[in-house]
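Protein chains in written order, with our numbering: chain A, 1 to 177; chain B, 1 to 115.
Keep in mind the hints are simulated off the structure, nothing from the lab.
All C-beta atoms in this analysis are idealised placements derived from N, C-alpha and C, irrespective of residue type, glycine included.
A few of these clues could be false.
[Claimed, not checked] Footprint (simulated), chain A over chain B, 3 or more residues, beta carbon under 8 Å: (1) 15-22; (2) 79-92; (3) 95-106.
[Said to hold, decoys possible] To list a few chain B residues with every Cβ distance to chain A over 12 Å, as calculated: (4) Leu25; (5) Thr33; (6) Ala34; (7) Gly35; (8) Ser39; (9) Ile42; (10) Ile45; (11) Glu46; (12) Lys48; (13) Leu56; (14) Gly57; (15) Ala73; (16) Glu113.
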Amino acid sequence: MSFGIGDVAPSLELRNTLGEDHALPAAGEATATVVVWTCNHCPYALAWHDRIQAVARDYDERGVAFLQVNSNDAERYPADSPEAMRERVEAGEFATPYLHDPEQEAARSFGALKTPDVFVLDAELRLAYRGAPDADYDDPGQDAAWLRASLDALIAGRRPDPAETEPVGCSVKWKAG
Amino acid sequence: MDSGATRARIEFLWWAECPSWERALAILSEEVTAGGLDSEIIESIEVKTEADAERLGFPGSPTIRIGAVDIAATGRPEPTGLTCRVYRRADGRASPLPEREDIRAALARARQEAA
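The task is simple: from the sequences and hints, build the whole structure.
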């Protein structure tokens with residue numbers, strides 16, 4: 001079951017492409033936490049990718065934690081295999097840990113629907129923004145404005161407005177059965 | 001206006017799970033109309049199953065074929081399946097949309113070949 005605006009995020013414990021464990025920060029540890037569902041094969045995820053990495057770099061020194069998760073069924077979509085994920089990380093394409101969700105439990109517990117699907121948590125790990133990075137996958141000039149605005153709001157002690165937008169992209173590729 | 005492209009089949013293949021299909025179809029319709037044709041000649045083909053994708057040689061949504069030629073053909077074999085297609089823009093960006101100029105050029109080629 002997914003969680004909604006204001007709800008505390010479910011726990012998230014996944015491994016990155018090197019086999020290292022990652023989790024959400026503890027409450028109060030980060031100013032905000034961004035979790036983005038993404039993948040390797042989807043043109044929407046790829047179109048928004050550089051904009052999202054730029055946000056991760058720009059807000060790193062402002063106390064924002066950032067994780068990216070791939071939950072796709074790699075049997076049906078081999079481009080989303082752990083090996084392919086590792087290749088992209090080794091090529092320097094990711095500014096944050098890139099986590100594999102082979103059992104798809106994280107996607108289910110967050111209610112992730114698309115790639116990309118952006119979840120922004122406040123310092124207490126309550127969902128503050130969920131949706132698309134910005135209004136147009138095909139316009140780099142949008143610069144992930146909705147994601148940036150949500151972080152700016154939290155850093156300034158305000159709630160993001162809007163708190164929700166429609167995630168746009170490829171569907172998360174669920175395993176059969 | 002008469003045009004060679006009127007004799008070329010214009011196919012638009014799409015999968016509903018990739019939302020860019022509507023925008024891509026709008027661009028194709030605009031370019032077909034700009035070429036003096038009725039956009040009604042576009043054959044819209046919804047691909048619903050993996051079996052459909054294999055039978056139609058569908059490499060991803062959206063796919064545009066003009067005169068049976070894929071406007072984004074790479075010259076290499078591409079796997080078929082229900083997926084969203086990655087287009088590469090001239091500046092290297094990935095996009096779920098074909099370049100308008102590629103559609104225009106494909107329509108122009110079809111007109112020339114039919115002339």
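We went through each hint and held it up to the structure:
1. With a cut-off of 8 Å between beta carbons, the segment 15-22 of chain B has 4 residues touching chain A; three or more are needed, and the interface restraint holds.
2. Counting residues of the segment 79-92 of chain B whose beta-carbon sits less than 8 Å from any beta-carbon of chain A gives 5, enough to reach three: the coverage restraint holds.
3. With a threshold of 8 Å between beta carbons, the proposed coverage of the segment 95-106 of chain B by chain A holds, since 3 of its residues qualify and at least three are required.
4. Non-interface call for Leu25 (chain B) relative to chain A: holds, since the shortest CB-CB distance, roughly 15 Å, exceeds 12 Å.
5. The Cβ of Thr33 (chain B) sits about 21 Å from the closest Cβ of chain A, beyond the 12 Å cut-off, so the non-interface label holds.
6. Non-interface status of Ala34 (chain B) relative to chain A is upheld: no Cβ of that chain comes within 12 Å, the nearest being about 20 Å off.
7. The beta carbon of Gly35 (chain B) sits about 23 Å from the closest Cβ of chain A, which is more than 12 Å, so the claim that it is off the interface holds.
8. No Cβ of chain A approaches the Cβ of Ser39 (chain B) within 12 Å, the least distance being about 21 Å, so the stated non-interface status holds.
9. For Ile42 (chain B), the condition that its CB be more than 12 Å from all CB atoms of chain A holds, with the nearest at approximately 21 Å.
10. The non-interface label for Ile45 (chain B) is consistent with chain A: the shortest C-beta to C-beta separation is roughly 20 Å, beyond 12 Å.
11. Against chain A, the non-interface label of Glu46 (chain B) holds: every CB pair exceeds 12 Å, the least being about 16 Å.
12. Distance check on Lys48 (chain B): its Cβ is at least 14 Å (rounded) from any Cβ of chain A, clearing the 12 Å threshold; non-interface status holds.
13. With a cut of 12 Å on Cβ distances, Leu56 (chain B) stays outside the contact zone with chain A, its closest approach being about 19 Å.
14. The Cβ of Gly57 (chain B) lies farther than 12 Å from every Cβ of chain A, with a closest approach of about 19 Å, so its non-interface assignment holds.
15. Taking the minimum C-beta to C-beta distance to chain A, about 17 Å, the non-interface status of Ala73 (chain B) holds against the 12 Å cut.
16. For Glu113 (chain B), the non-interface assignment is confirmed: its Cβ lies about 30 Å from the closest Cβ of chain A, beyond the 12 Å cut-off.
Violated hints: none; the structure is consistent with every hint.
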